[in-house]
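Q: Sequence:
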Amino acid sequence: MLYKKLSILFCFILLNNCTATTLTKNKSSNSLDDPFVNKGFSLIYNDKFYDKKIISKKIDERSLVIFQKNLKKNTIVKITNILNNKSIIGTVGSNAEYPLFNNAVLSVRIADKIDLNENEPYVEILEVLQDSVFIAKRAKMFEEEKKVASKAPVNNINISDLNIEETNIKKQISNKFSYEIKIADFYFNETASLLVDRIINETIIKDAKIKKIDEKKYRVYMGPFNNISSLQKSFNDISILEFENIEIIKND
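Quick note on numbering: the sequence shown equals residues 1339 to 1590 in this note's numbering.
Treat the hints with care, since some could be wrong.
Said to hold, decoys possible - Below, computed lysine-lysine pairings styled on BS3-like, alpha-carbon distance capped at 30 Å:
(1) Lys1390 to Lys1377
(2) Lys1571 to Lys1544
(3) Lys1571 to Lys1377
In short, the hints are calculated from the structure, not lab data.
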């Protein structure tokens, strides 16, 4: 009971300093068990975005570079198109400004390689840490990709033979546009309630909710959203609290 009270007090202090204590990693670190991960809508680079000052820097369309605000330059990342499970290894470029709603800016080449849909560019960005193991889901790799992968601090890289039928059945993802905004996960319902109260008091959002994920995880979230306009508006409204790793989660 004392531990629980102290945890609630600690979370209350953090909430008043615009930082949520979440179960999801917020910053890149040296922890092998806790890589940065974020699911959301990425922006595919186009020179028109740079010309209109939507993005502050350029990306070579042939490169395997992304912009990602939470990760340091040259961080190795795995970029996955969640809707088809295709992924590729890339690196984080120099710091750049881009819309808050987007979890990254991707080069044209990366978007092409993972068959990203411009109308629903739902992507997971995963930091590749030392001793990580990943599978490249194609038999042929371009020389530049090999070069990038060789720099990644991994023990091995497995190239799947596309001529062999996979035995693992992948989870089917709904084609329906239905998403929620995951604001933060907490160990206790009481600490989640503190965040909901703060959201109501400090933003125009009045519909933040809590749901129990399991015995040790309570999620503060918003949604569901059935169109990208309402999703983006609510995401921007909650961004005033400056949480570092708000995620967008697709509903089954």
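Q: Does each hint fit the structure? Answer for all of them.
A: Taking the hints in turn, this is what the structure says about them:
1. Lys1390 to Lys1377: Roughly 26 Å separates the two Cα atoms, so the pair holds.
2. Lys1571 to Lys1544: 14 Å, holds
3. Lys1571 to Lys1377: Within the cut-off at roughly 17 Å; holds.
Going down the numbered hints, you'll see the structure goes against none, and every one checks out.
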